[in-house]
Amino acid sequence: MSHLPILPILIPLLGGALSLFVEHRRIGTVVQRSVAWVFMLATLAASILLALRAHEGPVLVYLLGDWPARIGIALMVDRLSALMVLTTSLLAGACLLHACSGWDRRAPHFHALFQLQLMGLNGAFLTGDIFNLFVFFEVMLIASYGLLLSGGRGVRMSAGLHYVAFNVAASTLFLIALGMVYGVFGTLNMVEIATRVAGIPAGSLPLAKATIGLLLVVFCAKAALMPLYLWLPEAYTRAPAAVAALFVIMTKVGIYSVLRVGSLMLGEDAGPLAGYGWDWMLPAAVAGLALATLGVLAASRLRVLVAYVVLVSATTLFIAFGLRSAGTIAAGLYYLVHSTFVAAALFLIADLVRRGRGDAGDVLRAFPPAPGVRVVAGAMFLVGAVSVAGLPPLSGFIGKTMLLQAIPEADIRWAWPALLGSSMLVIVGLTRAGTRIFWKPVPVLPALPDGPRPVRGQLRLPETIATMVLLALGVAMSVAPGPVTAYTRAAAEQLLAPSTYIDQVRAAMPQGRRP
Amino acid sequence: MSVVWELLLVALLLVGSFFVLMGGIGLVKLSEFFKRLHAPTKASTLGVGCVLTASVGYHLFVGSDPQPRELLIVAFLLITAPISAHLMSKAALSLRMDEWPQLPGKSDEDTHVPPRPDGGDDEGY
Amino acid sequence: MNTPELAGIQIFGFGLIETTIGIAMYVVGIAMLLALWRLLRGPTVPDRILALDTLNVTAIAELMLLGMHLQSAIYFEAALIIAMLGFVSTVVLSKYVIRRDIVE
Amino acid sequence: MRWRRRFLPSLPLTLAIIVFWLLMVSELNAAQLAMAALLGLVIPLYATRIDREFARFGSLRPLPKLLVVLLWDILMSNVRVARQVLSREERIHSSFIWYPLEIGNIHGITALACCITLTPGTVTAALSDDRRYLLVHVLDLADEAALVADIKRRYECPLMEIFP
Amino acid sequence: MLELMLALPFVLALVLAILRDAPAKAVAWLAGLAPVLALAVLAWLTPAVMDGQIPRTMHEWLPQAGLAFSLRLDGLGWMFSLMVLGIGALVVLYAYYYLGPREKYRRFFCFLLLFMGSMLGMVLSGNLLLTVVFWELTSISSFLLIGFWFHRDDAREGARMALTITAAGGLALLGGVVLIGRVVGSYELDAVLAAGETIRAHELYPWILGLVLAGVFTKSAQFPVHFWLPHAMAAPTPVSAYLHSATMVKAGVFLLARLHPSLAGTDLFFYVVSTVGALTLLVGAWNAIFQHDMKGVLAYSTISHLGLITLLLGLSTPMAVVAALFHILNHATFKASLFMAAGIIDHETGTRDMRRLGGLRRLMPYTSALAIIASLAMAGIPLLNGFLSKEMFFAQALEIEGHEEMRWFVTIAAFLFATFGVAYSLRFVHDTFFGRGPRAVDQDVHEPPRFMQVPVAILVVACVAVGIAPQWTIGPFLETAARGVLGDALPEYSLAVWHGVNTPLLMSFGGVLCGVLLYLGLKRVLDLHAIVRQSQGRMLFHLNIEALFRLGRRFTHAVANGSMQRSLLWLVLVAIAAGAAPFVAAWGEPREPVAFVSQPMVRLAWVLWWLLVTCALGTLALYRYRLLAVLVMGGCGLAVSMTFVALSAPDLALTQLLVELVTVSLMLLGLHYLPKDSPRLRSLPRRLRDCAVALAAGAGTAGLAWAMMTRPPANAAAAEITARSLPEAWGSNVVNVILVDFRGFDTLGEITVFGIAGLAVHAMLRRARMAPEKVMPGPPIKLPVPADLAQMMFPLTLVVSIFLFLRGHNSPGGGFIAGLTLAVPLLIQYVIQGAASVETRFGFDYIRAIGAGLLIALGTGAAAMLFDRPFLASGHYDLVLPVLGTIPLASAAAFDLGVYLVVFGSTMLILSMMGTLKPSKTMIAHRGTIDPATRSALTGEAS
Amino acid sequence: MEMAIASGIGVLVFAGVYLVLRARSFDVILGLTLLSYATNLLIFSSGRLVVGKPPVLQEGMEATLANHTDPVPQALVLTAIVISFAMTAVAIVLAMRSRADNDSDHVDAGDVRDGREDRG
Ligand code: NA
Ligand code: NA
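Chains as they are written, first to last, in our numbering: chain B, 128 to 642; chain C, 2 to 126; chain R, 70 to 173; chain A, 556 to 719; chain L, 5 to 947; chain P, 947 to 1066.
Same shape as in the complex, but just chain B (with noise of 0.2 Å):
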């Protein structure tokens, strides 16, 4: 039997446990890297056999311990959950290879951690079951807890208390859904309760409806839509670039979460749950987006800008999976992934930025960066603003023209108002950044006697690389758009589909036992 399907989870993790074994001083940074990078390579490797195996269309199962779907956990790989392991793959690559640069040694059993994250939300992503959903969401928190708060001080601390006290809650929330859930439902496999949703009796449909609404809650919570993203600008511009990088990511697992649960429990065979919620969702976005922007506009230093950047594109998302038509979800998984690298590249770029200026770290003010640091963070930057801001011919440019096109005729009056407006107001923040980071001289300060030497950070090539890489992904998914869209488009159709994802799962079978 093919074990392809848990094979993104157990790497990680074995690379997780394995590197507690080389992190002495003794063994050396070499060995340290070396082990991170087999395993990064081999979940790298099995994340791109699984699209390809996904892409094949059938729903792929995986019944740990060789229960069937109903009473154990099963993995169920479709084509979404595929890509969004590569693109977690693929994005974790780079900032590996950034944190190579020097933070993994700072930070105290770094290689664990992030192996660790990366099981966590290859674990999300691939689970069928909801409450292993849920540990999975808490061991990719606890990850980023650790990776967030290890080898950091000050300030870090206080935005990761706010981060840590604010998921805490939310889990706790998901708890009581989960509760609900198996209170309800009787069970706790995801097709199981797409099943069962449509026979929901009448009188206890308030109650179903509470249920879903707060695991929605949840999972709007951790993607930081309106009203609920207050947490996530502080904690992403306070993390060491490489872990914002890849928390880029993070938000996109409450998407995909939502995705998910309203593909399976909200669908069109979900029967009086059809579609509940949904009508909620888009005016948040919207709201979202709007302020999300406005924070792009209020940004006093690189890195929220980027933060807020993130919260952008999650809200576009929101837009584009809210109106649930095959086009605008195939639009938006373009969206996501394209999102995930850019935003993760100008994380790294902020960084370096940060780094290259010393003392007056990513403050939106004049001061000059490291020469070399100037031209290539500015060329980068360039590049990454283009194509966040969704300017052609990058791929946000791409992503946002799709959206624009399969935006139906009736949403089109609020919905591209927003996009466009949107897109316009994050150009002028962009703008204002570039310009006032990369362009505007420095005034001429009187020189301090004896003051203490601004210490600029030179270019470190591992960083300048995995920037790059990311960038690259991003203009390789615009200079062939098509095999990425021919993807997404069958991952909506897909998603759309439930009922036949929802036999493939029933029809899977144990090996070695009675069914």
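Since the hints were derived computationally from the structure, they do not count as laboratory data. Take the hints with a grain of salt, since some may be wrong.
What the hints assert, rightly or not - Dumping the calculated DSS-like pairs for lysine-lysine here, alpha-carbon to alpha-carbon at most 30 Å:
no.	chain 1	residue 1	chain 2	residue 2
1	L	K786	A	K707
2	L	K108	B	K567
3	B	K567	L	K29
Assemble the complex: chain B is given as a structure, and chains C, R, A, L and P with the ligands must be docked to it using the hints.
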């Protein structure tokens, strides 16, 4: 025979719960910590001991668990309860909640300041 | 296994032993609430520690009574652990009061 | 002797573990006996790392009597405490006394502390640093000297035999 | 071939970007190669285009979105390509001389070629989406070019302004194009051009038109967004010469011409486009008179001429379109030459301020001559090209049919255009080349290098040639271009200098006369040099942008103020809303009676209820005194555990108890480093609000829980699990079987979480030094009596732990509970003996324990894969030994061993890290020691 | 019984939420702990309340839900307890670090928006 057993169990239970209640009442009623300390450490221990013993007998007869495992708990409680009390009074002493007599054989050099729980002599540590 | 039977004495139509267990549960329950009162009331920290300790001990009794009531031995482990942990928590809390630093 | 100390650091402990295990599992068969023996051998090796003196008994002869006395005293003291609890509080004259120790073995002191706390209206509150005095809180103190003598006779002397 | 032509600028731009340390000359040569070679390609294609063929090429890019890389070279595209490449080549030549020795040649030419390529791509594009792509690329590359001297404030501002406005227009255009695609069903230009009727008849037409025009007008600097153009003059002059004469600003009118067949022909189009064009024309021309900067004059003049072109395209008659195209060409030639001339003057004198110039005629005769001729062309003086297209404009203005008021308006506008044009040209010529001067110029002024004049000369020659012999010189080209727009509707027209005396001619002469008079009059009446005109557009833009940023800041700081309390409050509120909404919505609907039998209260339930509720509320009441709150919360934990026991969940109770103890220990460890109590919150409204929110949350959760519990259960899966637990998973403690088998994957994740928690805590505390809040004086305390007891307990607790572990599969217990139970005696040792003593004696490597545990669990799960079963498939084997009997071996036990190790390792790691913190060296000043005499017995703290 | 459990959950949530909305890190942690009690009870009660039928199979007693309570929620609660505990541990340590590094145990300590990290 079984009537005797049953009556014995009933007695054990009644005595046990009575002592447990005494512990509770003492805890509430007495006026200061060191007095209160007496009630639960003794009464509850004995009370719980009785209940546990009754439980052993009861399960033995009902057949649901014919082993005297509860005795382990009794032994455990009998050993730990005094030590707990010891520690709690130490805590109370450290908060200067009461005056206690001068340690015999020590000089009066610290008459106004009550001695530390261990006599104020650090060498014994 | 052949186990001896209890006599099954009846009082006012109820089993004597059953009734006694019930009464004991109420009595021990009252003791628990008294300890609870002390826990909330204080006034001093050691009083509260003492109350918590007493709560633990009475909880063991209550659990064993419940085990008798339900004729189940499944409560043994819980009682054992409560006994063990009650002691440990008393140690930890007292140490905190004495030194503030529970691990020196 | 050295061999024994190395592989069987504390026989009482080993025995205690075996009994404890068998009581816990509530089964008596070859497998459980083997398991108990295994634990009884292995755990002390590990536990001795705490590096304190392990129980070495002098004579166990006074033990049964001590236990009976103790049980009786526990019962009596409980009745007394119950009475005092139920009576008016003004009649209770509580006080601290320093109890002079003769026993030096720490296990003995611990056991004595247990005994004192479990019995007539007394609670040990502290041990002096030189381990020569126990601070005892007496719920209703009538005669300090009598109390000290009582404790000494009933508990400390037998304990000194058990833990020399 | 088209691909090659288009690729040339991009490829050479890339080459330039890669080249390092190349000399300026080589860079310029390489840059010049692009337009020259591309021109060669264009020349090669020209015969075909002249023949009326349309060379095409098409590559798929994103067929799903209708985006294709399709290029086509029709007449219009040809004309614009010629302009882009021809003037581009001249600009490269000019720029080589213009740029100073210290300038970044490489970057300049790289950007210039990028722009050239984008512009070329736009005019060649055969797919509207591709047009948008190149359109925005011109915006981006022009942004880089305008901001080339980015150290200057005006350059940065001009660049940002240009980008903001043109990119906004680009987004609008994108919208318009997508709408066109919806209406037509294709973005291919051929299809769109053929579908004019459909588009105009469609209900979306006004939207399409509005969005496309928004793009066109912003790009071509039409009123009222014209103001970005003068500010773009902060660019180096070659850039201005290129962007603002022939290319960038022409992109808008190009698109208008391009989509003319599809969009034009309605009243809406006519009115909107002509009105905007006419207004722009007037505003630009009038403002041009009052500029003192040479480039300022040229910029406003450009606005005015762009207005003219727009107006002509708005009039929409075939002849007007021809005139528009003709004027595009003419304007490109004279304006490019004028910009270059202005650049030369700036280069030589160091200023472009006409108030400081004058008399250059004598110092720079050649340049002056060229500039004067070009200016006259700009003014529309006969025998120069500007005159011809202006005449055509007048004729068209007079021939407007059916819209009487528009005819008057346009005619007057045309006349004013001529008048103002003459006036500002006159001022430009007079102030610069005549009179006294140059004033206040301290440079030695002379002619520029010869080759710097060459481009100007070529362009001026073109002006003159076209002006004298239009039919020979420009005729065929214009016709080709016009056919590209009009197709078969090409009108009969004659390009001649002399059409006889007619109204347009009279208007021309009148215009010239009035212009001269106006200039002289203004000069007499006003002190032209003293007038300083602020750009209102700039101010407005500035104000608006600033307002926008302010709005953003205000909103963001008001909403996302970084407050964690607010984050959490929103979470709670949204959750309450989500939970309550369905019930509120279903309020009044008939409820089915719930068939439900309530469970009777357990005997001790009332005690537990009181315990739970009172302790919860007690924690709340005492929360400010943290130690007390922790104590009271212990009661809560006990109540919850006992509830679990009472309700048939012994495993849960054990776990809860153990976790409770460790949590309390952690809290106490933490309290050592945290303030002893919380300050009182003064704001009563805030407290009431929080109280109300908390009440709603509590009531809501209680209601949900109650509603859920009173439904009949749907537990088929649970029944199946219970039934299959023993025969297939060989365990009778079903909860444990679920944990290690049915849902073992959850457990794997759970121990991963637990392990990571240990690692995270270790990472956070490893090097941390912290000052305890308060310390008790004196050395560490030893507790001989409890220590002795703990020592005796230690081995016995180990036995309990092993017991719980081994029995877990069949009775309450299991790896997790056992792991914590193992940690408890060690915790006691830590507390009583101190961390150092324990760790030197045991020397655990807790981190490796976590790793080993994870590996064991993982390995157990993966072992199934060797047998070709899925991960975590369990195995079972009864080992029969001679004396001991049957010993059951289950893979689940191995898995549980992993759990055991991780739990133990992680718990101890956390406790050990928290217990062995070193005091801070620097922060100790903030903290103090507790005077034992002042401790309060009520809280245990210094009072 | 259901009413008792539901009201208990409600009170725990009430106290927990109120504490979670406080401004000091330790109070928030207390609140989260109370909330985790509530969630544990709620998940547990999703298997409905059954007295005296623990899901431990015994000989002679058929393995059905008539004889045993629903085991699944119990397993879920176990996982939930463990995870909440891990989170609490991290939160406590984080509160300590934040207090030590930012000189305040306010949850928004360290002037988060324009922190010293940037002022240099
Ligand atoms: Na278990
Ligand atoms: Na410590």
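Just pull the numbers of the violated hints for me, sorted ascending.
The structure breaks none of the hints.
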